[in-house]
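Engineer: What follows is each chain in one-letter form.
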Amino acid sequence: MSRSVTAVLIPCVWPFSSPSTQGITVLRGDGSREEQFIMPTVVVMDVSLSMTRPVSVEGSEEYQRKHLAVHGLTMLFEHMATNYKLEFTALVVFSSLWELMVPFTRDYNTLQVVLVTDGCLGIGRGSLRHSLATHNQRSESNRFPLPFPFPSKLYVMCMANLEELQSTDSLDCLERLIDLNNGEGQIFTIDGPLCLKNVQSMFGKLIDLAYTPFHAVLKCGHLTSDVQVFPRPEPFIIDEEIDPIPKAINTDLEIVGFVDIADISSPPVLSRHLVLPIALNREGDEVGPGITDDTEDENSANQIAGKIPNFCVLLHGSLKVEGMVAVVQLGPEWYGMLYSQADSKKKSNLMMSLFEPGPEPLPWLGKMAQLGPISDAKENPYGEDDNKSPFPLQPKNKRSYAQNVTVWIKPSGLQTDVQKILRNARKLPEKTQTFYKELNRLRKAALAFGFLDLLKGVADMLERECTLLPDTAHPDAAFQLTHAAQQLKVASTGASEYAAYDHNIAPLQTDFSSSSTERM
Amino acid sequence: MKIFSESHKTVFVVDHCPYMAESCRQHVEFDMLVKNRTQGIIPLAPISKSLWTCSVESSMEYCRIMYDIFPFKKLVNFIVSDSGAHVLNSWTQEDQNLQELMAALAAVGPPNPRADPECCSILHGLVAAVEALCKITEYQHEARTMLMENAERVGNRGRIICITNAKSDSHVRMLEDCVQETIHEHNKLAANSDHLMQIQKCELVLIHTYPVGEDSLVSDRPKKELSPVLTSEVHSVRAGRHLATKLNVLVQQHFDLASTTITNIPMKEEQHANTSANYDVELLHHKEAHVDFLKSELHYCTGAYRISPVDVNSRPSSCLTNFLLNGRSVLLEQPRKSGSKVISHMLSSHGGEIFLHVLSSSRSILEDPPSISEGCGGRVTDYRITDFGEFMRENRLTPFLEPRYKIDGSLEIPLERAKDQLEKHTRYWPMIISQTTIFNMQAVVPLASVIVKEAMTDEDVLNCQKTIYNLVDMERKNDPLPISTVGTRGKGPKRDEQYRIMWNELETLVRAHINNSDKHQRVLECLMACRSKPPEEEERKKRGRKREDKEDKSEKLGKDYESDKPWQESERLKGILDREKEELAEAEVIKDSPDSPEPPNKKPLITMDEMPTVEKAKGPMSLLSLWSNRINTANSRKHQEFIGRLNSVNNKAELYQHLKEENGMETTENGKAGRQ
Numbered sequence: 001m002s003r004s005v006t007a008v009l010i011p012c013v014w015p016f017s018s019p020s021t022q023g024i025t026v027l028r029g030d031g032s033r034e035e036q037f038i039m040p041t042v043v044v045m046d047v048s049l050s051m052t053r054p055v056s057v058e059g060s061e062e063y064q065r066k067h068l069a070v071h072g073l074t075m076l077f078e079h080m081a082t083n084y085k086l087e088f089t090a091l092v093v094f095s096s097l098w099e100l101m102v103p104f105t106r107d108y109n110t111l112q113v114v115l116v117t118d119g120c121l122g123i124g125r126g127s128l129r130h131s132l133a134t135h136n137q138r139s140e141s142n143r144f145p146l147p148f149p150f151p152s153k154l155y156v157m158c159m160a161n162l163e164e165l166q167s168t169d170s171l172d173c174l175e176r177l178i179d180l181n182n183g184e185g186q187i188f189t190i191d192g193p194l195c196l197k198n199v200q201s202m203f204g205k206l207i208d209l210a211y212t213p214f215h216a217v218l219k220c221g222h223l224t225s226d227v228q229v230f231p232r233p234e235p236f237i238i239d240e241e242i243d244p245i246p247k248a249i250n251t252d253l254e255i256v257g258f259v260d261i262a263d264i265s266s267p268p269v270l271s272r273h274l275v276l277p278i279a280l281n282r283e284g285d286e287v288g289p290g291i292t293d294d295t296e297d298e299n300s301a302n303q304i305a306g307k308i309p310n311f312c313v314l315l316h317g318s319l320k321v322e323g324m325v326a327v328v329q330l331g332p333e334w335y336g337m338l339y340s341q342a343d344s345k346k347k348s349n350l351m352m353s354l355f356e357p358g359p360e361p362l363p364w365l366g367k368m369a370q371l372g373p374i375s376d377a378k379e380n381p382y383g384e385d386d387n388k389s390p391f392p393l394q395p396k397n398k399r400s401y402a403q404n405v406t407v408w409i410k411p412s413g414l415q416t417d418v419q420k421i422l423r424n425a426r427k428l429p430e431k432t433q434t435f436y437k438e439l440n441r442l443r444k445a446a447l448a449f450g451f452l453d454l455l456k457g458v459a460d461m462l463e464r465e466c467t468l469l470p471d472t473a474h475p476d477a478a479f480q481l482t483h484a485a486q487q488l489k490v491a492s493t494g495a496s497e498y499a500a501y502d503h504n505i506a507p508l509q510t511d512f513s514s515s516s517t518e519r520m
Numbered sequence: 001m002k003i004f005s006e007s008h009k010t011v012f013v014v015d016h017c018p019y020m021a022e023s024c025r026q027h028v029e030f031d032m033l034v035k036n037r038t039q040g041i042i043p044l045a046p047i048s049k050s051l052w053t054c055s056v057e058s059s060m061e062y063c064r065i066m067y068d069i070f071p072f073k074k075l076v077n078f079i080v081s082d083s084g085a086h087v088l089n090s091w092t093q094e095d096q097n098l099q100e101l102m103a104a105l106a107a108v109g110p111p112n113p114r115a116d117p118e119c120c121s122i123l124h125g126l127v128a129a130v131e132a133l134c135k136i137t138e139y140q141h142e143a144r145t146m147l148m149e150n151a152e153r154v155g156n157r158g159r160i161i162c163i164t165n166a167k168s169d170s171h172v173r174m175l176e177d178c179v180q181e182t183i184h185e186h187n188k189l190a191a192n193s194d195h196l197m198q199i200q201k202c203e204l205v206l207i208h209t210y211p212v213g214e215d216s217l218v219s220d221r222p223k224k225e226l227s228p229v230l231t232s233e234v235h236s237v238r239a240g241r242h243l244a245t246k247l248n249v250l251v252q253q254h255f256d257l258a259s260t261t262i263t264n265i266p267m268k269e270e271q272h273a274n275t276s277a278n279y280d281v282e283l284l285h286h287k288e289a290h291v292d293f294l295k296s297e298l299h300y301c302t303g304a305y306r307i308s309p310v311d312v313n314s315r316p317s318s319c320l321t322n323f324l325l326n327g328r329s330v331l332l333e334q335p336r337k338s339g340s341k342v343i344s345h346m347l348s349s350h351g352g353e354i355f356l357h358v359l360s361s362s363r364s365i366l367e368d369p370p371s372i373s374e375g376c377g378g379r380v381t382d383y384r385i386t387d388f389g390e391f392m393r394e395n396r397l398t399p400f401l402e403p404r405y406k407i408d409g410s411l412e413i414p415l416e417r418a419k420d421q422l423e424k425h426t427r428y429w430p431m432i433i434s435q436t437t438i439f440n441m442q443a444v445v446p447l448a449s450v451i452v453k454e455a456m457t458d459e460d461v462l463n464c465q466k467t468i469y470n471l472v473d474m475e476r477k478n479d480p481l482p483i484s485t486v487g488t489r490g491k492g493p494k495r496d497e498q499y500r501i502m503w504n505e506l507e508t509l510v511r512a513h514i515n516n517s518d519k520h521q522r523v524l525e526c527l528m529a530c531r532s533k534p535p536e537e538e539e540r541k542k543r544g545r546k547r548e549d550k551e552d553k554s555e556k557l558g559k560d561y562e563s564d565k566p567w568q569e570s571e572r573l574k575g576i577l578d579r580e581k582e583e584l585a586e587a588e589v590i591k592d593s594p595d596s597p598e599p600p601n602k603k604p605l606i607t608m609d610e611m612p613t614v615e616k617a618k619g620p621m622s623l624l625s626l627w628s629n630r631i632n633t634a635n636s637r638k639h640q641e642f643i644g645r646l647n648s649v650n651n652k653a654e655l656y657q658h659l660k661e662e663n664g665m666e667t668t669e670n671g672k673a674g675r676q
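So the protein lines, in turn, are chains Y and A.
Numbering follows full-length UniProt numbering, with no gaps: position 342 of the first sequence is 342.
Numbering follows full-length UniProt numbering, with no gaps: position 391 of the second sequence is 391.
Rather than coming from a laboratory, the hints here were simulated on the basis of the structure.
Possibly wrong hints are sitting among the right ones.
Claimed, not checked - With the Cβ distance kept under 7 angstroms, some of the chain A side facing chain Y (calculated, not the full set): (1) 40; (2) 42; (3) 43; (4) 44; (5) 64; (6) 110; (7) 180; (8) 181; (9) 212; (10) 213; (11) 310; (12) 312; (13) 378; (14) 419; (15) 423.
These numbers come from a predicted model, not from an experiment.
Ideal Cβ positions, reconstructed from N, Cα and C, are used throughout, including at glycine.
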């Protein structure tokens, strides 16, 4: 697997900048549209004729299944409008054909698909039953839409109860859909008779499963703020074998200290989340993260909440001004960071990124548990003038590209190393130190690779160089070349006394050497 | 993801028998003569590497790439085999680096072509390899210890890469049988041992290598399951660069690597400094760094992966890596299907290690979120942004690599110390400027900065005392105090009242820390002795306390730490009332608070006793007026004061003020101006 990428050399400070943005139209439960900020959900609604089948409800007006579906979706949309304001929704209706009522206009990560149907799967070509039966005969160009080519969850909301579905093979077909989506998703059916109340309870279960806002308390010592973390952080499996239980983050997000952005320096993260301060009223319902609301009441509630000092705002302001991040503990051996994220419109917000769980998510910070307050250090590691930093930590062993390793797999690698020796040999005695440094590097590698012929070859070459020295050459040059060649020759015998890896060939001490030692 | 997959343990078994001393028959020119010196000189004859040299340098290259990309938890055990097995290193992390291996290989030296071939065999090495795989690594040990009763979840898998010169396919089968049998035997041994682990899965990779130009006596065979524990594959490869290429392919397979070629890197020419040519550099890294694009162009994902240059010492490679090691970054862009280009990756180094960062190329759901100024607390304009910035700098983290111990001998966890310090530093920390007097006073800094410490020196105590004396002095001289006056009318409290507020707040701060040490206690004693306090006030406080405790529950700042916080509760309540008034008073747009850390004008603050009573204005207070004030104040908290009365001047309130404001007119009557 190989890929060509064009390099552009630009200094940068990712992720502390953000791309441009654009608005999006959302369908609201009441049918109105409004500009909002959203997370992706596609609602796929069955509007085939069978959805108009009446539901007998005693002593009330007649309902169709379609009405029940609309009722349930209204509830879902209203829940999102109140508790999940940043939700991003699209609606597709389908019968034998489909029509995209409200399109997404942006890209997405994990998509949630809510399919609303009565479980009457139709007959003939193009029906689900037919599609599943012929699933294996499909070509790559005519691929079945499941599994989706992106991470997704498929929720099927059936406007029918379990008994009804089991009387045909509908349930089996729907279950196959979930299977085809790699098991990601769930089927919901109505418990008991079809009525508004039972539809509500079914959508209630979906809301609990997929649309419950994640509330937490952000703490920095005694400074605290109630927050909603959006989107909800997903549980994470650290090692499927050793620790197969998915780990969720704490609802107490505890700040443990602060680090300069330059020090934390573009860390890899699992996910990013907005941290929105919320005001919890007495009943425990949130007043909301403060996005413009349409009702007067909420407006004034938000206005009041806006004027009560909130730690998130203070923290955000200082993080932004100082160019720092707050390191936050999310669980045992799980950390993240809080920082100010600004967009192009001069809006900015408090963002939280989750690091991969583990004791040392960022090698350049070292083990998180070993990070302590600067006041415990003998002297301020940031310097009195704030001109130093204890980060990044250097690894014990340098990587190959940082330690001048010797690789002779390509002939050019070997030739370059030999040329370096030769170039320095011609500038003896000025380059005595470099000459021996390169010579010893080659000697070590040749010994490790058991490439003794090379030592002999280079010895021959140095002897020849000696004979080619011009008359004007310094007399020391000839002595050093002869000495080096002789030393390589004895090493090339492999005899243990001359071929020790840690032994270095030292420059020959001559009468001239005291006056010609190289100043390095 | 599994930590203990096959790639956790790799055993190299390299044949050191006499035939490995044979030439690979691929010549290397090493005497490259420079043009003007070549006249009359015949270059030295090219040399060639032995099968051994080819095997060793290829396996070193495998290890180099592996160590670059996975410096931890991926371990190599290197064994050479001749008349016996020579194990060159152990599984410990300290042994996992190229220098150690090179030194050990140098000690072994090349194979002796004159040794008796009958005594030598690769089998010794293979048996030792199985033994090595049964040995527990420090990571396995750590995981087992941590998991306690679930220790069996820690897997023991491994891979044996054997480079040899086999005689035939049946010879290869004999080697496989030997490995299988040895695993069987050693698993029995390991079952009864605490420090050995049974091998659950072993991947045998047999590489038959032979001189270039000869026919291979061994055929390739893809991976095949020989038993539930053992799989085996056979690669028949010519020596020289072919062997190196094979191992490069294998290291990519074994460690899920992928290659990225950075193209068109402009580099200055050594000879012609004013021109630059474009070069390409190929890097290896974990294949996850590509996942983004294989799955979907829309997928959001981000990560950082270590890299290793394929041709580490080539000039373009070292030019790029040095550029990165010097602290600069390289953004990579690649064409999209649509023809446009997208910045997809970034190369940059952290502490001498180069990482390929995957950038989110898709548009995020987090785009265009509401601004923080639109949410809770977003319309407050006088946050102590600068002070909290200072607080953050004081609470920066630094690594403590040497273990430290507490007085009781237990290990001290630096991060817990950091949390403790945050706890101490926030015991009394008002978030807004109008909520505090002392933190707006330069004179208080020497005390405020040391009182939060866990332990104070005598000098610290002395500084605190000096601070207090200084404040006493200021009071005596009647110096003005920076008391906030947000939303207040008139001149605000009198000077002595200002000092009372200041002293109360200072007391709150010091009291929050008196349990830290006796020295903290001494500071409080000094404070109590020095602060001026009308005698009645003490009495008043005592009586009022119970009621106050019941009343104000809306704020929680520091509440756990002071049972005695008369100042705080009353002032804070006042603050809330003030803000409510402001809400009604202002209709103007307030700037985003994070962008306006400037404090508002230092106007006098309305206080407790500043209910618009006539008595207020008349010189020294009688006990009766003090008492009525006290009752009025307490009562005023039980109901919300009429807005009109609150805003009134001389008990006269202007009606329908909001109409004016809604019409955009500024209300300047009654000496009350719209803020800013």
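Engineer: If a hint holds in the structure, say so; if it doesn't, say that too.
Structural biologist: Verification of the hints:
1. 40: 10 angstroms, violated
2. 42: Violated - the Cβ of residue 42(A) stays beyond 7 angstroms from chain Y, reaching only about 10 angstroms at its closest.
3. 43: 9 angstroms, violated
4. 44: Status holds, d = 6 angstroms.
5. 64: OK, holds: residue 64(A) within 7 angstroms of chain Y, min 5 angstroms.
6. 110: 3 angstroms, holds
7. 180: 24 angstroms, violated
8. 181: Hint violated; residue 181(A) Cβ to chain Y Cβ min 28 angstroms, cut 7 angstroms.
9. 212: It is violated, given that the least Cβ distance between residue 212(A) and chain Y is near 14 angstroms, above 7 angstroms.
10. 213: 18 angstroms, violated
11. 310: Violated, because the Cβ-Cβ distance from residue 310(A) to chain Y comes to roughly 10 angstroms (cut-off 7 angstroms).
12. 312: 5 angstroms, holds
13. 378: This interface hint holds because 5 angstroms falls under the 7 angstroms limit.
14. 419: With a closest approach of 6 angstroms, the residue 419(A) hint holds.
15. 423: This hint holds: residue 423(A) lies near chain Y, its Cβ roughly 5 angstroms from the closest one there, short of 7 angstroms.
Hints 1, 2, 3, 7, 8, 9, 10 and 11, counting from the list given before, are not met by this structure.
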